[in-house]
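S.K.: Hey, can you piece these two chains together into the complex? The hints should help.
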Amino acid sequence: MTCLPSPGGKKLGLVIDLDTCVGCQACVTACKEWNTGGHMAPLTDIDPYGGHVDGVWFNRVHSYEHITEMGGRTVNFPRSCLHCETPACVTVCPTGASYKRASDGIVLIDEDKCIGCKLCSWACPYGAREFDTDVGVMKKCTLCVDRIYNDNLAEGDRVPACVAACPTSARHFGDLGDPQSPVSQLVAERGGVDLMPELGYHPTNKYLPPRAHTQRAASVAAPALEPVRAEGGFLGWVDRMLSN
Amino acid sequence: MHPAFSVVFFTTATGAGYGLLALLGVLGPLGFIAPDFWTGFVGMGLALGLIAAGLLSSTGHLGRPERAWRAFSQWRSSWLSREGVASVATFIPSGLFGVGWIFLGRLDGWVAAAGVLANFGAIATVCMTGMIYASLKPIAQWHSPYTLPGYLIFSAMSGCVLLNAVLQGFALGSEILPAFSVLLTLLGWGWKLATWRHNDQLEIQTNANTATGLSGGTVRSLEWPHTEENYLLKEMGFRIARKHASKLRRIAQALAFGLPILLLLAAFALPWPFAAALSVLAAIAQFGGMLVERWLFFAEAKHTVMLYYGR
Numbered sequence: 000m001t002c003l004p005s006p007g008g009k010k011l012g013l014v015i016d017l018d019t020c021v022g023c024q025a026c027v028t029a030c031k032e033w034n035t036g037g038h039m040a041p042l043t044d045i046d047p048y049g050g051h052v053d054g055v056w057f058n059r060v061h062s063y064e065h066i067t068e069m070g071g072r073t074v075n076f077p078r079s080c081l082h083c084e085t086p087a088c089v090t091v092c093p094t095g096a097s098y099k100r101a102s103d104g105i106v107l108i109d110e111d112k113c114i115g116c117k118l119c120s121w122a123c124p125y126g127a128r129e130f131d132t133d134v135g136v137m138k139k140c141t142l143c144v145d146r147i148y149n150d151n152l153a154e155g156d157r158v159p160a161c162v163a164a165c166p167t168s169a170r171h172f173g174d175l176g177d178p179q180s181p182v183s184q185l186v187a188e189r190g191g192v193d194l195m196p197e198l199g200y201h202p203t204n205k206y207l208p209p210r211a212h213t214q215r216a217a218s219v220a221a222p223a224l225e226p227v228r229a230e231g232g233f234l235g236w237v238d239r240m241l242s243n
Numbered sequence: 000m001h002p003a004f005s006v007v008f009f010t011t012a013t014g015a016g017y018g019l020l021a022l023l024g025v026l027g028p029l030g031f032i033a034p035d036f037w038t039g040f041v042g043m044g045l046a047l048g049l050i051a052a053g054l055l056s057s058t059g060h061l062g063r064p065e066r067a068w069r070a071f072s073q074w075r076s077s078w079l080s081r082e083g084v085a086s087v088a089t090f091i092p093s094g095l096f097g098v099g100w101i102f103l104g105r106l107d108g109w110v111a112a113a114g115v116l117a118n119f120g121a122i123a124t125v126c127m128t129g130m131i132y133a134s135l136k137p138i139a140q141w142h143s144p145y146t147l148p149g150y151l152i153f154s155a156m157s158g159c160v161l162l163n164a165v166l167q168g169f170a171l172g173s174e175i176l177p178a179f180s181v182l183l184t185l186l187g188w189g190w191k192l193a194t195w196r197h198n199d200q201l202e203i204q205t206n207a208n209t210a211t212g213l214s215g216g217t218v219r220s221l222e223w224p225h226t227e228e229n230y231l232l233k234e235m236g237f238r239i240a241r242k243h244a245s246k247l248r249r250i251a252q253a254l255a256f257g258l259p260i261l262l263l264l265a266a267f268a269l270p271w272p273f274a275a276a277l278s279v280l281a282a283i284a285q286f287g288g289m290l291v292e293r294w295l296f297f298a299e300a301k302h303t304v305m306l307y308y309g310r
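Just so you know, the protein sequences line up as chains A and B, in that order.
With numbering that gives the first Met the number 0 applied, the first sequence has no gaps in its numbers, which climb one by one up to 243 at the end.
With numbering that gives the first Met the number 0 applied, the second sequence has no gaps in its numbers, which climb one by one up to 310 at the end.
Chain B with its partners taken away, still in its complex shape (with noise of 0.2 Å):
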């Protein structure tokens, strides 16, 4: 599949956004955060910027851009637009939660139910994105147990590395927030090792016979519909990254798992600026690393219809 980056952007950073909007909403009512201005304003801040300019993102993708807002209604059969509801559903208690934290410097009643209600909607939202994926029946490596959980692994794991770095930026760093981080880091690296090990060894019923209708011996393309390029191959013919795809692969994981926990145990030992320094650092890098590995979950995914084209 073609990675289109603004919804390669859109998934990673809506993913990191809900993750850090979900700990928030729970985190701060059970009192391990303080209601202080600044922690909620950059803490709340980031989660709603990265959600915001992941869905303003993902409108790049679309042709007709100005219609976005008829997506808003077929929930009853689409995961996109489910996906659509519940992130804007979203935004109503994680604004009334973050006007609670950062202007009124509460976290209790109101306040406390509001942010309960955004980290619902928050979970709520990134299944969704992951079913928009996992139910196209077309793509394999989607259509397959790993690729919920994994959306959600991902989103916690970002969010508490985030929250990690800008609670540590405040000098407000505990033991439990980096060895959770570094915890779920390893969780999302275990969680994406098992899925690329499964997708290797993928045995796909949809094959070439099937796919003609031409049962037994061996069907192979003779000659396309046409010479050049067109939208099939360019949007589900996506090729360049498969032939990288081991080197990218180990990018990724540096970048989005094994720097990131080396950075966080370098925290632990380190005194407050130099911790504070790692532990963005490690955001930074595990972001850039999601990217990576987003950019693979498109580019490795194989359409049926490429067997049409002998692909």
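Chain A with its partners taken away, still in its complex shape (with noise of 0.2 Å):
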């Protein structure tokens, strides 16, 4: 049933560090290498060695030029579902596809009853959803619903695949519903902000912006290295002599 359920507790999602993120790929690839043979398998790949490469990815990295009056930098940034709260790409779809699960609010497909009109990609203002042209249905991110409750995995293993793969430790899972969570104690500790929040489709994973510009590292910088003055005896021989 595509109308939403009652808002609940529990709220799994994401939390992404701009600050921190190095723009690596890892948590595109890792993404890529469990989703496709996982709930939503496969993702397909469109003449993969030609010259026209296409296929369904859950999670793209752009990189972004921020420039303030403070200075410049280079922002990486994450884009994938936000398994939003009042989410349109559910109550869109015309046949029950598209659900939101009352009980952890993730935002899922069931691909046996997708029929690819592909209202819901023009209902997300985040691009989060991608159309298999080889199969004929939309398919998402799934926060990795086949990974997170996994007993066959270590517990320490149970979270989503990007989040696994993330070197610079930028992804965090956790329940955006607990305020006492880890993730809702970073994203309240770092000012965490929602995409897009004019839009009212009220986010679940939220974005920690880069941290302010600081001059800690301009005071820690080692002396500048000067020019070695020509120096007479022995060593200035040394040095001439090495100089050569």
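It is worth saying that the hints were derived from the structure and are not from the lab.
The C-beta atom is built at its ideal place from N, Cα and C for all residues, glycine as well.
One side of the interface only, derived from the structure: several residues of chain B facing chain A at Cβ under 7 Å:
no.	residue
1	A67
2	S77
3	S220
M.R.: See the structure below:
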């Protein structure tokens, strides 16, 4: 049913730290690797070795230049499904294929019901859904629903593949419906933000903005290298000989 | 947005078909049209034919058309599902109305009631089509107060011009219907100009800053996540028409509004075979013009996801 469940307690989602993301694309490849054999498998690639490579990915990392009066910086920006609280992608679905789980807030697609009308991808402002032209159905991030509850994995591995892969711990997974959870605390501490809050989708995932510029780097820098003064005597002779 | 021809044809054809059906459904029972076999056959055939062709065309847009029946289930939340339900439900009274008119030669009693129900169903279905687009917040050009009235006005306009062509063809021309056709075409023209004016001056709150959560300053896309076009760029990053937007707008105006008005005015002054030919030409030109207009409706619409790509 594409009517939304009444807001429950548990809201599983990601917190993405734009300060520490280095844009290495490890989360992108880990996501593809896990999910092409997972719940929404396959993540079809079209013409993978040809001139017009195309395919389904749940996670894409952009790079931006953010220029303010404080100066410019490069910001790497992972973009994936935000598992919104009021996801229009679910309510526009005519078949009931798109749904939001009442138990943990994850937004999923029942591939067997999807007719491939693409309306959900139009209704998502974030570009989280990608159409699989080969299978003829829409696909999207599952928050690795087949990992996070998977008893066959060691407890520490029961996190989304993108979170497990991140080498700089820029991705955090947890319950954003619980204000005491580590991810909620992190959002509160770092001033995590919603993307496009003005559209009213109430995304569950939060983004931590880059930390403010500091002058700390300049104060701890090593003294600048000085040009070697020409010296006389034995050391001067060694310097001249070694310089030749 | 990518203007898929199946959807462009679908909205244009069903718009005209439901407009014609709505007019036949009330003008027949009101005694404006006599219950003649051929008028009913051509009129209802044209209306239901356009609707059926449009609906069939829309399934061409689907990745899994064999599952299309599932789209009738989510009418409680989805405008697309409501449109599907309304369009199929409208076939029942319009079928009865057509049978009563064409085979029984009557437009009173239960046939009149079926006509009025078909009229309601037609208007409701066009409203649902309009709401599919008007409800999409990521596309500011569609999520506007102009979208729903636009669908209703263009449906009434193209339906009226079609009905006029049918009646003129049977030498049943009156002066009221061509006059209404001209007035509705003028209304459609005015509404389209106002819509374009509104869209051109649109101040959209959503920008690269709110899309990335990076407040203040400027956010410029340095590098995309991929080198080739993906689904998002193909579906929502369509830019070809924007390059020719002003030319296409002139073509749409000439074909959908300007030329039909001239032809209909000329039809006033000319005797039957010529008036009929000009009325038919007006309907054909308008249908072609509305296809261009609908193509632009898609091609000029910008989706927020393109902010991530710096477009």
